[in-house]
Amino acid sequence: MKAKKNLIWAVILAAVCLICAAVILYGRLGGENPKAEIYLGNELIKTVDNLSPDEEYSFRIDCKDGYNIVTVGGGKIWVSESDCANRTCVNAGKISGGGQTIICAPHKLVIRITSDSQTDAVV
Amino acid sequence: MKISAKKIALIGVFTALSLIIFIVEAQFPTSGIGGIKLGLANVATMVAMLFIGRREAGIVLYLRIILAAAFYGTFVSFLFSLVGGTFAYLVMCLLMCRFDKKQIWVVSAFGGVFHNVGQLIAAGFISGTSMVITLFPYLLISGIVTGVLTGLITQRLWFSSLRKYSLRKE
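So the sequences go chain by chain: A and B. Counting along the first sequence from 1, when you hit position 88 you're at 88 in this note's numbering, and nothing is skipped either side. Counting along the second sequence from 1, when you hit position 43 you're at 43 in this note's numbering, and nothing is skipped either side.
The hints are simulated quantities; they were obtained by calculation from the structure and are not laboratory data. Watch out, some of these pointers could steer you wrong.
[Unchecked claim] Restricting the straight-line Cα-Cα distance to at most 25 Å, the calculated cross-link-like pairs of lysine to any residue (SDA-like) are:
{"no.": "1", "chain 1": "B", "residue 1": "LYS102", "chain 2": "A", "residue 2": "TRP9"}
{"no.": "2", "chain 1": "B", "residue 1": "LYS101", "chain 2": "B", "residue 2": "GLN155"}
{"no.": "3", "chain 1": "A", "residue 1": "LYS94", "chain 2": "B", "residue 2": "ILE126"}
[To be verified] Cβ pair distances, simulated, as ranges:
{"no.": "4", "chain 1": "B", "residue 1": "ALA69", "chain 2": "A", "residue 2": "ASN50", "range": "41 to 47 Å"}
{"no.": "5", "chain 1": "A", "residue 1": "ASP49", "chain 2": "B", "residue 2": "ALA69", "range": "39 to 45 Å"}
{"no.": "6", "chain 1": "B", "residue 1": "SER161", "chain 2": "A", "residue 2": "VAL11", "range": "28 to 34 Å"}
{"no.": "7", "chain 1": "A", "residue 1": "LYS94", "chain 2": "B", "residue 2": "ILE3", "range": "49 to 55 Å"}
The structure presented is a predicted model; accordingly, all values stated were derived computationally and were not measured. Backbone N, C-alpha and C fix where the C-beta goes; we use that ideal spot for every residue, glycine too.
The shape of chain A in the complex, shown without the other chains (with noise of 0.2 Å):
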């Protein structure tokens, strides 16, 4: 009887991480010319349209708390820099695909990328 409970949980938490994994994998389709969205505290304030430049290059964003070093290369999107409190943002990594997110709470910046197909497929 007790094994049988671990197994419905087994089963319960697995189809949850299941669930999951398909809604990440559905926002990552048809990413069709991915394009980066800049929000600072919700207001759009850039877009990158050219993830791919011919050279990396970074850009700066201020904030009133302080600062972001935004890079752009091969394809991706990072934070390189930030002298906000926690470097989630930095440690967040380098991101391409559909609905993926880097978010910097403190400086209430967030980056995502949209691509043509799917702009808002992933809520």
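Using the hints provided, position chain B relative to the given structure of chain A.
Structure of chain B alone, referenced to chain A:
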């Protein structure tokens, strides 16, 4: 509230353990989305809950969060720990006595998930944007995986010879 010397000693031991685990774990670079990590410090909180009691586990948890912030963290990381820790603690308080000891890993999985839900809500408030919701599927998976792992460790400790130090007999 009468509290025995034995209880105080155990609370001290678990708090120290939890703090050391937390600080050691924080030295490793958090990988990937949303700063996912294993959350091994929660093993100490859960063992405290099993060995001493729910209220004492709460003392261990909040002492660890406050001390970790004083030694190591920043205000933002303190806030994240506080909200995530409280969510996980409350749900584990509710579930721990309702589940068999062989299902500690399930309780821990719920704890992991609610910890991440709490942190997501905190991130939403701090960043002032609802776009943090895009991280939800990642955090749900990581909450379950890390929760099951830490839960299995806790379960292993409960079913070990260490249990002779437990103040609760059941």
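Discussion item. Run through the hints listed earlier and report the numbers of any the structure violates, in increasing order.
Written reply: none
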